[in-house]
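Chemist: So the chains spell out like this:
There are 2 protein chains.
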Amino acid sequence: MTRKIRLGAFLPGGGQHIASWRHPDQPADGAVSFEFHKQLAQTAERGLFDAYFLADGLATSIGGTSEGGPARVAGFEPVTLFAALAPLTTHLGFIATASTTYEEPFNTARKFASLDLISQGRAGWNVVTTATEAAARNFNLDQQHPHAFRYRRAAEHIEVVRKLWESFEDDAFIRDKDSGEFLDHDKLHPADHRGEHFKVAGPLNVSRSPQGHPVIVQAGQSEDGRALAAASAEVIFTAHQRLDTAQEFYRDIKRRAAANGRDPDHVLVMPGVSPFVGRTEDEAREKYEALTSLIRDKDGVALLNGLCGGTLDLTGYDLDAPLPPAPPTEGMKSRQALIRQIADENNFTIRELFRWIASARGHYTIVGSATRIADMLQEWFENEAADGFNILPPWLPTGLEDFVDLVIPELQRRGLFRTGYEGRTLRENLGLPFPVNSHTLARAAAQAAE
Amino acid sequence: MTRKIRLGAFLPGGGQHIASWRHPDQPADGAVSFEFHKQLAQTAERGLFDAYFLADGLATSIGGTSEGGPARVAGFEPVTLFAALAPLTTHLGFIATASTTYEEPFNTARKFASLDLISQGRAGWNVVTTATEAAARNFNLDQQHPHAFRYRRAAEHIEVVRKLWESFEDDAFIRDKDSGEFLDHDKLHPADHRGEHFKVAGPLNVSRSPQGHPVIVQAGQSEDGRALAAASAEVIFTAHQRLDTAQEFYRDIKRRAAANGRDPDHVLVMPGVSPFVGRTEDEAREKYEALTSLIRDKDGVALLNGLCGGTLDLTGYDLDAPLPPAPPTEGMKSRQALIRQIADENNFTIRELFRWIASARGHYTIVGSATRIADMLQEWFENEAADGFNILPPWLPTGLEDFVDLVIPELQRRGLFRTGYEGRTLRENLGLPFPVNSHTLARAAAQAAE
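Respectively, the protein sequence lines represent chains A and B. Be aware that the first sequence starts at 1, since it is given in full-length UniProt numbering, and climbs by one per residue. Be aware that the second sequence starts at 1, since it is given in full-length UniProt numbering, and climbs by one per residue.
Hints listed in this document are in silico derivations from the structure and should not be mistaken for laboratory results. Be careful, since some hints might not be right.
Simulated restraints, written as ranges between beta carbons of each label pair [unchecked claim]:
#1 Lys-177/B to Glu-223/A: 15 to 25 angstroms
#2 Lys-38/B to Thr-419/A: 23 to 33 angstroms
#3 Gly-310/A to Lys-38/B: 36 to 46 angstroms
#4 Arg-296/B to Asp-142/A: 24 to 34 angstroms
#5 Ala-442/B to Thr-280/A: 36 to 46 angstroms
#6 Arg-194/A to Asn-383/B: 47 to 57 angstroms
#7 Ala-337/A to Ile-174/B: 31 to 41 angstroms
#8 Thr-280/A to Thr-90/B: 27 to 37 angstroms
#9 Asn-383/B to Gly-423/A: 54 to 64 angstroms
#10 Gly-423/A to Ser-293/B: 39 to 49 angstroms
#11 Gln-378/B to Leu-441/A: 58 to 68 angstroms
#12 Ser-438/B to Asn-140/A: 16 to 26 angstroms
#13 Leu-441/A to Thr-371/B: 24 to 34 angstroms
Computed from the model, here is a short list of chain A residues facing chain B with C-beta under 7 angstroms [to be verified]:
#14 Glu-77
#15 Phe-106
#16 Phe-139
#17 Gln-143
#18 Gly-195
#19 Glu-196
#20 Met-376
Positions of the beta carbon are idealized from the N, C-alpha and C atoms, including for glycine.
Generate the whole structure from the sequences, applying the supplied hints.
Modeler: Structure, rendered in C-alpha cells:
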C-alpha cells in the first residue's frame with residue numbers, strides 16, 4: 001500500500017485566529033454551540049480527515065490575547081464534547097487532550113476507554129502535562145510543579161493508564177446465558193501498580209474497544225517531551241515554521257523511537273499547518289486580509305505586549321510605523337528579541353507585525369491557492385518532515401470547508417490522500433497496529449513453550 | 001398547578017437484578033452496548049420520565065454478587081455515556097454520579113457544566129463520597145478515608161463546584177462583532193476558594209447552561225448524609241422497604257431543609273421502587289419467577305455469603321430447607337441478623353431467601369398489576385413519603401417497557417403524572433427554580449440600594 005498523508009483537524013468552535021469570532025461566516029457563540037461543533041465534525045468527516053483534535057487547558061484565559069482570543073475563554077470540556085459527537089459520525093476519530101498532572105490515571109483511563117467504546121474504537125488521548133500557572137491555582141497549588149516533575153509524573157501516568165487498559169483481554173467476556181458463565185476470570189488482570197506518584201490496584205471497570213485501546217498522542221518539543229513522545233506516543237503533533245527544522249524533528253523522533261525498540265513507521269509525526277486557501281493566490285490573500293483586518297488595534301498591541309510578558313508597551317505609537325527602539329526591560333528578553341527579529345526580517349510595521357503573529361502563533365501559516373498548499377504538504381510529506389498534518393483552519397466553518405473542497409481533491413488527484421476511509425477505527429485509518437493485550441501475548445508465549 | 005409525581009429511571013445497561021443478563025429479553029452485552037443504552041434512553045423519554053439516572057463506582061466488582069451481578073463488572077463511565085445520549089434525545093434529563101473523594105472540584109464542575117451545555121440544560125450531578133475499599137486502592141490509598149472525612153470533603157467539594165458554576169453571569173457574553181467586545185469582564189467571577197481540602201482560584205472555563213447549573217442530587221441515608229443532602233441537594237434518592245420509614249425520612253429531610261433556610265418544596269425526595277409489572281397479578285408473579293429462576297444456586301449462595309462479609313458459608317446445605325443455625329462469627333453480625341430476620345419473618349428456605357434478596361438489594365420490590373403498583377405509588381406520594389420515585393426495572397428493556405406501557409398510563413388517568421413535558425430543562429420538568437447567579441443578585445441588590 002502506498003504511503004498516504006494523515007490529516008487531523010484542529011477545530012475549536014471559537015475559531016483558531018484571535019479575531020475569527022468576528023468573521024462574518026463564524027458564529028460568535030461557536031465556542032459554546034453544540035450544533036456548530038456537530039457541523040464541523042460532519043464537514044471533517046466529509047473531508048475524510050482521520051481525526052478531530054481539540055487542545056485543552058485547565059483554566060480560562062481571561063483577556064485571552066495570547067491564548068487564542070476571547071472566544072476561547074469558555075467552551076466545552078473535550079471528552080464530553082467528543083462523546084456527544086461520536087454517535088453523530090461514523091468514521092471520524094476524536095483526539096481529546098487530558099492532563100497527566102491534574103487528573104488521576106484511573107479517571108483518565110476510564111473516560112478515554114468509555115469514549116473509545118461509545119465511538120466503537122475512534123478515540124485518541126493527547127497527553128499533556130499542563131504548564132500554566134493559572135491551571136496550578138485551580139488544583140490546590142500556589143505555583144506550578146517543575147517541568148521535570150511533571151514529565152516524570154506523565155511517564156508514570158501513561159504507564160498506569162496502559163496497564164488499566166489491559167485489565168480485560170479481548171475475549172474475557174463469555175456471556176453464556178445457558179451456563180450462566182459471564183466472565184473468564186483468568187482473562188482479567190489487575191494493574192497492581194506501585195510507583196513514585198501512583199498506587200493503583202485495578203482492574204479498570206471498562207472493557208476494551210474494537211481498536212484495543214485509544215491512540216496515544218503527544219506534542220512535546222522539549223528534550224523531556226521528545227523523550228516521552230518517542231517512548232509512548234503513536235501520533236506526535238508538532239509546530240515548525242520551516243522545512244529544515246521539521247526534518248530535524250522528524251528524524252530525531254524516528255531515531256529515538258527506533259532506539260526504544262519501536263517501529264518508526266508506527267510513530268506518526270504531524271506538524272500543524274494553518275492554511276488560507278483560495279481558488280487563486282489573490283483570493284487567498286483577500287481571505288487573509290479580510291480576517292486579519294478584524295483584529296482591533298488595542299487587541300493587537302495587547303497581544304504583542306502579552307507575548308513579551310508585559311514588557312512591550314506600545315501605547316501612543318504610530319501603528320503604521322516600525323517598532324520603536326527597545327525600551328529598557330527586565331526579563332522576557334529572548335521573546336522580545338524574536339518578535340523584533342520577525343519585524344526586521346519582514347520589514348513589518350507594528351500593525352503588520354501583530355497581524356502576522358495573531359495568525360500564526362507558532363504554527364506554519366500558508367496563504368495561497370490549493371495547488372500551492374498541496375505542493376507544500378507534498379514537499380514536507382515526501383522529504384522526511386511529516387507523515388501527515390494537523391490542519392488548523394484560521395476561521396470556521398469556511399476555513400475548513402475551503403480545505404475540504406479545494407485542497408483535499410488536489411491531494412487525492414496526486415494520489416497522496418485517501419478517497420474513502422480504509423477502516424472503521426481511528427487506528428485502522430491511521431495505519432497503526434492493533435495493540436495485542438500483553439497478557440494475551442504472555443499466555444500465547446507460555447502455551448507455545450509447553 | 002397540581003403537584004405531580006416525578007420519575008427517575010435507573011437503567012444500568014447490564015440490568016438491575018443479578019441474573020437479568022440471562023433474561024431472554026436482555027442483551028447479554030447490554031452493559032457495553034451503546035445502541036442498547038440509546039434504546040433505553042429513548043424508551044424512558046417516550047414514558048416522559050424526568051431523568052435517566054446512573055449510579056457509579058470507581059472500581060470493578062469482581063464476581064460482583066453483592067454489587068449487582070457480573071454484568072456490572074465493566075461498562076461505560078456515566079458522564080461520557082450521557083453526553084453521547086443527550087443529542088439523541090430532546091427532553092430527558094441525565095443524572096450522573098461522580099465522587100467528591102476521588103475527583104477534583106475543577107474537573108467535576110467542568111464535566112457537568114459541559115454535559116449541561118451539550119444537553120441544553122438537562123444535566124444532574126449525583127454526589128457520592130465513594131465508600132468502597134476497592135475504590136480507595138485505585139486512588140493511591142491503602143485504605144478508605146474515614147466516613148466523617150469524606151463527608152467534610154464532600155461539603156467543601158460541592159461548595160467549590162457551586163462557586164465555579166457561578167463564574168459567568170448569564171449575560172456575561174456580549175459577542176458584538178461590530179464593536180469587537182466579546183465578554184463583560186464585570187460579569188466574570190473567580191472562585192477564590194481556600195478551604196480545608198481545596199484551593200481553587202477559578203473562574204471555570206465553561207459558561208452556564210439554560211438551567212443555570214446542573215441539578216444537585218444525593219442519596220445519603222446516614223446522619224452525615226442527611227445533613228449534607230438537606231443543605232445542598234435538590235433531589236434526594238433513598239431506599240425504603242416500608243411506608244412508615246419512608247415517611248420518617250421524608251419528614252426529616254423536609255424539616256432539615258427548612259432549618260437550612262431552604263424551601264422544602266425545592267428538595268424532592270424520591271425513593272427507589274423495583275417493579276415487576278403484569279397485566280394481571282398472575283402475570284406479574286410469572287415475570288418474577290421467570291427472572292429469579294435464572295439465579296444459579298452457587299451465585300445465590302455467594303450473594304448471601306457476600307452480603308454477610310464471608311461469614312455465611314452454606315456449602316453443602318439443602319437449599320430448599322430453612323437457614324441452618326448461626327455458625328459462630330466475627331463481625332458483620334448486624335447484616336447477618338437482618339438476613340436471618342427476613343428469612344424468619346417470611347418463612348423462607350435458603351433458595352427463596354436469596355431469590356428475594358437478589359431482586360430487592362435494599363430497594364422496595366413490588367410484584368403486581370399496574371393498578372396495584374399505581375396504588376402503592378399514589379399512597380406514598382399522597383402521604384408524605386415521596387415527591388416522586390426512582391424506578392429500577394429488574395431487567396431491561398422489557399421491565400422498563402412494562403412500566404411505560406402499563407403503569408404510566410394508569411398514573412396519567414389518575415392525574416398524578418404529566419402527559420407531556422412541561423419544559424425543556426431538567427430543572428423545569430422537576431419544578432425546581434432557576435438558580436439565579438449570586439453575583440447577579442448581589443449587583444441587583446447594590447443597584448436597588450443606590
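Chemist: Of all the hints numbered above, which does this structure not satisfy? Sort the numbers upward.
Modeler: 1, 3, 4, 5, 8, 13, 17, 18, 19 and 20
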